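Q: Each chain is listed here by its residues.
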Amino acid sequence: KNEVEQSPQNLTAQEGEFITINCSYSVGISALHWLQQHPGGGIVSLFMLSSGKKKHGRLIATINIQEKHSSLHITASHPRDSAVYICAALNTGNQFYFGTGTSLTVIP
Amino acid sequence: DAGITQSPRHKVTETGTPVTLRCHQTENHRYMYWYRQDPGHGLRLIHYSYGVKDTDKGEVSDGYSVSRSKTEDFLLTLESATSSQTSVYFCAIRSLAGVLDTQYFGPGTRLTVL
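Protein chains in written order, with this note's numbering: chain A, -14 to 93; chain W, 208 to 321.
In short, the hints are calculated from the structure, not lab data. Quick caveat, the model's predicted, so the values are computed rather than measured. Beta carbons: idealized from backbone N, C-alpha and C, even for Gly. One thing to keep in mind: the hints can contain errors.
Per label pair, the in silico range of CB-to-CB distance [claimed, not checked]:
#1 A:N76 / W:E221: 34 to 42 Å
#2 W:P246 / A:E(-12): 14 to 22 Å
#3 A:N76 / W:T278: 17 to 25 Å
Example chain A residues on the side facing chain W (calculated, C-beta under 7 Å, incomplete) [to be verified]:
#4 G26
#5 L31
#6 L34
#7 S36
#8 Q80
#9 F83
#10 G86
#11 S88
Sequences and hints are given; from them, build the entire structure.
A: Spelled out as structure tokens, the structure:
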């Protein structure tokens, strides 16, 4: 059983579409981390949040602690957004538990 | 990238041989992590450290040991490599600078055990 579940596993979108990736977790957490991994393999931190909403450019992350759910939204998607998006739950023991990722392809 | 490097970047070894992977950081972060990434499993925590000589096991620690004798270096050792340890290994640090709490990842080490 994985403590962190992401959906969908794969997502294809047309350029310009609004995209939502979902993350649900079962562990008690102190924060939720969204990451991006490009085909070359490098992993980049996007957001770490423990409540409410954070925005950076076209990316928005939200979290609902009561429902144990977080979403990552991409507005006006672009082919360069094509990557794997990973959520990770940080438990109170300073350990991260990762989802298996959502593979996003944005078609021009 | 918070000044994180991993060495080697690629390694091919034979079953039964010991292997040590090195993670080096330049910014004095307290928390360091070793993960492995495998298709279908995502990233999984092997071991982590919360200070010099302070380490703890993650969910997939069997067959691995770690050491942290200096703040900047976190070593992962496979005592006797097995084919099931073929994977991509990532080191990460957790930055707690001010209100920013995030993880930075190293570039990864691709290990193949034949």
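Q: Each hint should be assessed against the structure and marked as holding or not.
A: Hint-by-hint comparison with the structure:
1. A:N76 / W:E221: 34 to 42 Å: holds, 37 Å
2. W:P246 / A:E(-12): 14 to 22 Å: At 19 Å between Cβs, range holds.
3. A:N76 / W:T278: 17 to 25 Å: holds, 24 Å
4. G26: With a minimum Cβ separation of about 5 Å from chain W (threshold 7 Å), the hint on G26 of chain A holds.
5. L31: violated, 9 Å
6. L34: With a closest approach of 9 Å, the L34 of chain A hint is violated.
7. S36: violated, 13 Å
8. Q80: Holds, because the Cβ-Cβ distance from Q80 of chain A to chain W comes to roughly 6 Å (cut-off 7 Å).
9. F83: holds, 4 Å
10. G86: Constraint on G86 of chain A satisfied, holds at 6 Å.
11. S88: The hint is violated - S88 of chain A has no Cβ within 7 Å of chain W, the shortest such distance being about 11 Å.
Going through the hint list in order, the structure does not satisfy hints 5, 6, 7 and 11.
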